[in-house]
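Asker: Residues per chain, in single letters:
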Amino acid sequence: MNAIEFENVSFSYEEGGAFQIKNLNFHVEEGEFLAILGHNGSGKSTLARLSNGLLEADSGVIRVFGEELTEKNLFDIRKQVGIVFQNPDNQTVASIVEDDIAFGAENIALPREEIGVRIDFALKAVGMEEYRHATVSRLSGGQKQRIAIAGVLAVMPKVLILDESTAMLDPRGRREIIDCVTRLNREEGITVVLITHFMEEALRATRAIVMNRGEIVMQGAPQDIFERHEELLTYNLTLPLIGRICKELRAGGLPVCDTLDAKSLAKEIAQCVSKQST
Amino acid sequence: MKDVAFGQYYPTKSFVHNLDPRLKILFLIAYIVAIFLANNFAGLACCLFVLILAIGFSRVPVLRVFKAIKGILFLIIFTTVLNLLFYNGETVYAEWWIFTITKEGIIFSAFLVVRLVLLITCSSLLTYTTTPVALTDGIESLLYPLTWIRFPVRELAQIMSIALRYIPILIDETERIMNAQKARGANFETGGLVSRVKAVIPVLIPLLLSSFRRAEELGDAMEARCYTGGKKRTKFKKLRFTWRDVLAFLLIAALITGVVLLKIYLGATV
Numbered sequence: 001m002n003a004i005e006f007e008n009v010s011f012s013y014e015e016g017g018a019f020q021i022k023n024l025n026f027h028v029e030e031g032e033f034l035a036i037l038g039h040n041g042s043g044k045s046t047l048a049r050l051s052n053g054l055l056e057a058d059s060g061v062i063r064v065f066g067e068e069l070t071e072k073n074l075f076d077i078r079k080q081v082g083i084v085f086q087n088p089d090n091q092t093v094a095s096i097v098e099d100d101i102a103f104g105a106e107n108i109a110l111p112r113e114e115i116g117v118r119i120d121f122a123l124k125a126v127g128m129e130e131y132r133h134a135t136v137s138r139l140s141g142g143q144k145q146r147i148a149i150a151g152v153l154a155v156m157p158k159v160l161i162l163d164e165s166t167a168m169l170d171p172r173g174r175r176e177i178i179d180c181v182t183r184l185n186r187e188e189g190i191t192v193v194l195i196t197h198f199m200e201e202a203l204r205a206t207r208a209i210v211m212n213r214g215e216i217v218m219q220g221a222p223q224d225i226f227e228r229h230e231e232l233l234t235y236n237l238t239l240p241l242i243g244r245i246c247k248e249l250r251a252g253g254l255p256v257c258d259t260l261d262a263k264s265l266a267k268e269i270a271q272c273v274s275k276q277s278t
Numbered sequence: 001m002k003d004v005a006f007g008q009y010y011p012t013k014s015f016v017h018n019l020d021p022r023l024k025i026l027f028l029i030a031y032i033v034a035i036f037l038a039n040n041f042a043g044l045a046c047c048l049f050v051l052i053l054a055i056g057f058s059r060v061p062v063l064r065v066f067k068a069i070k071g072i073l074f075l076i077i078f079t080t081v082l083n084l085l086f087y088n089g090e091t092v093y094a095e096w097w098i099f100t101i102t103k104e105g106i107i108f109s110a111f112l113v114v115r116l117v118l119l120i121t122c123s124s125l126l127t128y129t130t131t132p133v134a135l136t137d138g139i140e141s142l143l144y145p146l147t148w149i150r151f152p153v154r155e156l157a158q159i160m161s162i163a164l165r166y167i168p169i170l171i172d173e174t175e176r177i178m179n180a181q182k183a184r185g186a187n188f189e190t191g192g193l194v195s196r197v198k199a200v201i202p203v204l205i206p207l208l209l210s211s212f213r214r215a216e217e218l219g220d221a222m223e224a225r226c227y228t229g230g231k232k233r234t235k236f237k238k239l240r241f242t243w244r245d246v247l248a249f250l251l252i253a254a255l256i257t258g259v260v261l262l263k264i265y266l267g268a269t270v
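Keeping their order, the protein sequence lines are chains A and B.
For the first sequence, my numbering begins at 1 and goes up steadily by one.
For the second sequence, my numbering begins at 1 and goes up steadily by one.
The following block holds chain A by itself, in its conformation from the complex (with noise of 0.2 Å):
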């Protein structure tokens, strides 16, 4: 079953003004791992922002678990697709931790109790258990963006979006929130799409999108998109360090094949380098 699916949906922020989303069709499938990648005005936080109906589209159908959205369902879908923004501190409510983790529990009317088990599950997935009653403006930029994940994790969301939620944190904040999520996708089964800019954080994902203009014009495994590295030249995404690195050392004459891990890398150049010698 497809969690979230477009058909033909456009978008332009003025009336009759340039398209941010071009008739773009796509899909989500249930439990899986999504890059979305793009350069800046790409349109992939518009695509976010339609999902869960923060924005709605010109034209087109937009279907949640089959569900096509609308305004009447627009409560039910939220509970559905929850989405982490880019700036943690624009996202945290309450002052302490367990008070801004309530918040989205307490908006879908739970029981007190049941609330209570939210907050313990949502800090549990982020890690972040020991926290419960610190002061949100005290945690680091990591640890506060671990904490707004934790309060859309405390609607329970089968769908989570983040929407460049590493784009301000420092390299360890960033790898914090990969980790974090790439075991909600693995061990809660919470199927994840991951708009980033970042094209290392695309490698954890099963499949990856890359947009421009409003449009999807490469998708695939993250490891066959990252291959057709001049292509991706031409949308404004650089390769990540490991790849340039590949490409230089062929176009220096020593034979590797194409990878994103050091390690395989590392062997590659043992290999080419112990064939030479011999």
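Any given hint might turn out to be false.
Said to hold, decoys possible - In the PhoX-like style, the derived pairs of lysine-lysine whose C-alpha atoms are separated by at most 20 Å in a straight line are:
| hint | chain 1 | residue 1 | chain 2 | residue 2 |
| --- | --- | --- | --- | --- |
| 1 | B | Lys182 | B | Lys198 |
| 2 | B | Lys232 | A | Lys79 |
| 3 | B | Lys231 | A | Lys79 |
| 4 | A | Lys267 | A | Lys247 |
| 5 | A | Lys72 | B | Lys231 |
| 6 | B | Lys235 | A | Lys79 |
| 7 | A | Lys158 | A | Lys79 |
| 8 | A | Lys124 | A | Lys158 |
| 9 | A | Lys247 | A | Lys263 |
| 10 | A | Lys72 | B | Lys235 |
| 11 | A | Lys275 | A | Lys263 |
Everything labelled a hint here was simulated from the structure, so no lab data went into it.
Assemble chain B onto chain A, guided by the hints.
Answerer: Just chain B now, kept in the frame of chain A:
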């Protein structure tokens, strides 16, 4: 500053800290009523005794509590002197031009000083012993009956709690913008009043703009988390009265009764 415990909160564990915030707010109101009901020295002495008891059990250093008075020292002195010089009484001690000092004037001024000091000290004790978050919860709970006349209590509480959350963020942001303007040659420290006020404008405008942007993003994030207003929401945290609250309630009830009884049997001094 970057804490919920900003402002006056004095973080420690004590009997008063653990009281239910609703009770503390009601306690303060009842206490203020008692101060103004008391119209003889015995009554005021009772009020003073209760305050000393409360400070003692709060484990907030006495000096710190009385520091709050410093802020309104000028007001106290001003009103006292005014009352002292202009109060109309029968027993005149001294008279000069339009000023008269009378026995009644002295007594009234003394009462005023004591009342003001008690009022300020007790109010600041509330903020010393209660976090802003707990205060917000308390106010929300106390205002709850107003929902009957369709007053949006929960929305108001939500606004207060968001405001509290964003105070440290906006303080940070102000600092950042000020540094950015300083790096461009802005001067906030010297110059006359007019030029200093003018120097603040290039800080306020970016701050305002970024606050609007934050508000918009926060609105999206709240909606994405299924927020539709206060109506159908449930509440996770529930305030509960404990034995401490019963004790504190008995104390304030005793104070009010005592003050009223003293008022009836001893008569008014003022």
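Asker: Next step is simple, just say for each hint if it's right about the structure.
Answerer: Structure-based check of all given hints:
1. Note on B/Lys182 and B/Lys198: the hinted pairing holds, with a Cα-Cα distance of about 14 Å set against a maximum of 20 Å.
2. Between B/Lys232 and A/Lys79, the direct Cα distance comes to roughly 15 Å. Compliance with the 20 Å bound is thereby established for this hinted pair.
3. As the CA atoms of B/Lys231 and A/Lys79 are separated by approximately 17 Å, the hinted pair is consistent with the 20 Å bound.
4. A C-alpha spacing of about 16 Å is found between A/Lys267 and A/Lys247, which places the hinted pair at or below 20 Å, so the restraint holds.
5. Note on A/Lys72 and B/Lys231: the hinted pairing holds, with a Cα-Cα distance of about 17 Å set against a maximum of 20 Å.
6. Restraint check: the Cα-Cα separation between B/Lys235 and A/Lys79 comes to about 18 Å, which is no more than 20 Å; the hinted pair holds.
7. Restraint check: the Cα-Cα separation between A/Lys158 and A/Lys79 comes to about 8 Å, which is no more than 20 Å; the hinted pair holds.
8. Distance restraint check for A/Lys124 and A/Lys158: the Cα-Cα separation of roughly 17 Å lies within the 20 Å cut-off, and the hinted pair is therefore satisfied.
9. Taking the CA atoms of A/Lys247 and A/Lys263, the gap is about 16 Å. The hint holds against a cut of 20 Å.
10. With a CA separation close to 25 Å, the supplied pair A/Lys72 and B/Lys235 exceeds the 20 Å bound.
11. Annotation: proposed proximity of A/Lys275 to A/Lys263 holds, straight-line Cα distance about 18 Å (limit 20 Å).
Consistency with the previously given hints fails for number 10 only.
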